[in-house]
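Residue numbers (this note's numbering), protein chains in the order written: chain A, 6 to 362; chain B, 1035 to 1363.
It is possible that part of the hints are untrue.
[As the list claims (entries may be wrong)] Only pairs whose alpha carbons sit at most 20 angstroms apart, straight line, appear in this in silico SDA-like list of lysine to any residue:
id, chain 1, residue 1, chain 2, residue 2
1, A, K92, A, D106
2, A, K34, A, R83
3, A, K98, A, P81
4, A, K98, B, G1263
5, B, K1251, A, S25
6, A, K102, B, L1141
7, A, K102, A, D118
8, A, K277, A, E319
9, A, K34, B, G1178
10, A, K34, B, G1177
11, A, K102, A, T128
12, A, K150, A, E166
13, B, K1251, A, E201
14, A, K277, A, A193
15, A, K277, A, H234
16, B, K1251, A, P80
17, A, K102, B, E1255
18, A, K102, B, G1334
19, A, K102, B, I1096
20, B, K1251, A, A193
21, B, K1251, A, E166
22, A, K92, A, K102
23, B, K1251, A, G75
24, A, K92, A, D28
25, B, K1251, A, G178
26, A, K34, B, T1179
27, B, K1251, A, K92
28, B, K1251, A, K98
29, A, K150, B, R1266
30, B, K1251, A, P81
31, B, K1251, A, T128
32, A, K92, A, A193
33, A, K102, B, T1193
34, B, K1251, A, M120
35, A, K102, B, W1327
36, A, K102, B, G1263
37, B, K1251, A, E241
38, B, K1251, A, P78
39, A, K102, B, V1277
Rather than coming from a laboratory, the hints here were simulated on the basis of the structure.
For clarity, every value in this text was computed on a predicted model and none was experimentally measured.
So you can see what is in the structure, the chains are spelled out below.
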Amino acid sequence: MDCATHSTQRKDFVPEAILSIRDLTVEFKTEDGVVHAVTGVGYDLAAGETLGVVGESGSGKSVSVMSMLGLIPVPPGRIVAGEAIYKGRDLLKIPPKELRDIRGGEIAMIFQDPMTSLNPVLTIGDQIAEAITTHNAGMSDSDAKKRTIHLLDVVGVPVPERRVDQYPHEFSGGMRQRAMIAMAMANAPSILIADEPTTALDVTIQAQIIEVMRTAQRETGAATILITHDLGLIAELADRVIVMYGGRVVELGDVHTIFSSPHHPYTVGLMKSLARIDLDQQWLEPIPGQPPSLILPPPGCAFHPRCALSQGRERCRTEIPSLRTVGQGDEHLAACHFAEELDAQRLVAHAAAAEGR
Amino acid sequence: MTEQVPATSGAVTAPAERLGSSADLSLSYESGLELKARSQWAYARMRFLRHRLAVGSLIILILIGFVAIFAKQVAPHGFNDQDLVNIAAAPSWDHPFGTDLLGRDYLSRVIYGLRTSLWVAFFVALLSTAFGTAVGAVAGYYGGTTDNLLMRFTDLILTLPGLAVLLTAAAFLGQQSQSIGPISISQPVMIGLILAFLFWTGLARIVRGVYLSLREKEFVEAAKASGAGDMRIMVRHILPNCVGPIVVTMTLIIATAILVEAALSFLGFGIQPPNPALGSLIAEGNVGGLGYWWLVTYPGLVIVIIALAVNFIGDGLRDALDPTQRLRA
């Protein structure tokens, strides 16, 4: 059987995790105290899927991924516990040299701000070729350049054979992000990590970049971890979603399930604060309060001071909720003591809406 | 608008921007519509070429360099050939710079001296630039204890009283060829090594500063994420960003090296005879007193011209390589 043709039709197969993160805990020592940036985070990434990681600034979504690749500064950072199994090896324990070979080779990153993530004094072509030759020591310069031009063509940079010799300042923001994506694709990675790939771009360019991201996934067949606070981007690209709050995973599930029946009050709050064109909204409902301090997190559930569901209940203030199965099937997990009450609320709201009409 | 007015750059760049993000860019390329894109080096070259003093100095220095390199072909006489008919002769058509007290053609001696002095200066500049850059890069990139150790060592060298160390080292080590094991180091090289030992500190500090600020940049993180090792990041990603300050400092080191080497040779501790050097020529000429003015004036003039030219070039380069400087139209 020809495996190559089959592996491209990955959706037909039972997804098998190529990356399993378990119980990842990362701390940063600062002058004010220890910042518990990530606590007990765990998830699986299936081959070829797109996993969205949502959360507000400081919820630990970037740190959880960066620490896995050894990209957090140590010190002040420290990986306290956990494992990240990639192809049978724990990324948190392998020697730095091997991790370096994996970075940019099998696991590649797309950074947030293409304005600052490109080296101003090297041509675009040099930088992409650099990413290629880092992992293919034997490759000749002309072959690397050919591949670079091909990559630029794939990500939709017009006239790539000319653009390849230009400097970043001669590229517009969207074009630079395309070049960044080309660089990430350079070594046909099996995991692409996109850290807020559209945040620094304006809205029309964002739509184009989403297309380029799709192309990149199609070309490489890579599983993607999409870190963002843009729920629109998640709805557009992700298969599954992780919602993070205060350094913990609070909800995990299929993208449709998360959007249609969120089972954590924080996710519900996120959805309510989203401007939607398919609903007639007078006001957006913000989540009251501030993100939690990660140095002194609130006792119990980190979300309870802002939670509409908790209403000061004892259990929310004392007991940290664990991630458990909610709703139908066993693919949807939420970390809330009273997740089921949201179902009831939704029923009531539904009925009210039906009556009002 | 029928006439193209290039004065307002905004009006010119706007259409190109619009084309830049659309698919018909190739069309604009073919029809020559797009703006001529210039690299930073092209801008730097343009800015340098506008600096008349620097360009003039560069031409003079290149000429002097050629004379030094082809000393054997250019010099009318050997530097030790004596013309016993014309001893201590004033400048004339036969001997444009005159002859010294032993009847040697002074133009030839100045040319050969120039060769030695320039060679030593460039040797010192290259060596101290390489060393200073390496120390600064490692200190700035790694930071912490490494930085602390390297910078305290730099401070130590900086606090040494320059002239005293130079004279002592030159007197004890620089008077003849030294051999360390199988390697023998000729006397001018020895002087060069001693000078380089004292000259790398400023550059180390400058390069450290640049590395300190650049290692926090996102493109360095991006390079790390693409699997580049420390060495690769230091050399391939950060170093090109400090070419400006390095080149400027290097030219200034050349100028200082020429002056200090001349002073050292004048005091008799520098390049030893039979190798002529500009400083030792002045020292020799000094013996004759003011009557033989040409023996002091010509080598002195050459030193001044070289030092000035190198400094002007340094100025021009500084202006040219400073990206915040815009072209004045």
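Taking only the CA atoms, is the gap from B/K1251 to A/P81 under or equal to 20 angstroms? Holds. B/K1251 to A/P81 sits at ~18 angstroms (cutoff 20 angstroms).
Restraint check for B/K1251 with A/G178, where alpha carbons must lie at most 20 angstroms apart: It holds: about 18 angstroms lies between the C-alpha atoms, which stays within 20 angstroms.
Pair hint outcome, B/K1251 versus A/A193 [Cα-Cα no greater than 20 angstroms]: Violated - the C-alpha atoms of A/A193 and B/K1251 are around 26 angstroms apart, more than 20 angstroms.
Hinted pair A/K92 and A/K102, Cα distance within 20 angstroms: holds, 17 angstroms
Pairwise hint evaluation, B/R1266 against A/K150, where the allowed Cα distance is 20 angstroms at most: holds, 19 angstroms
Would the pair B/K1251 and A/E201 pass a check requiring their Cα atoms to be no farther apart than 20 angstroms? holds, 17 angstroms
Given the hint that B/K1251 pairs with A/K98, does the C-alpha gap stay at or below 20 angstroms? violated, 27 angstroms
Pair hint A/K98 and A/P81, alpha-carbon separation not exceeding 20 angstroms: Satisfied, since the Cα-Cα distance of roughly 18 angstroms is no more than 20 angstroms.
Taking 20 angstroms as the top limit, are the C-alpha atoms of A/K98 and B/G1263 close enough? The hint holds at about 18 angstroms.
Holds or violated: B/K1251 to A/P78, with C-alpha atoms at most 20 angstroms apart: Distance ~13 angstroms between B/K1251 and A/P78 Cα, so the pair holds.
Please work out if A/K92 and A/D106 have their alpha carbons no farther apart than 20 angstroms. Satisfied, since the Cα-Cα distance of roughly 14 angstroms is no more than 20 angstroms.
Would the pair A/K150 and A/E166 pass a check requiring their Cα atoms to be no farther apart than 20 angstroms? holds, 9 angstroms
Comparing the model with each earlier hint shows violations of hints 5, 6, 7, 8, 11, 14, 18, 19, 20, 21, 27, 28, 33, 35, 37 and 39; every other hint is respected.
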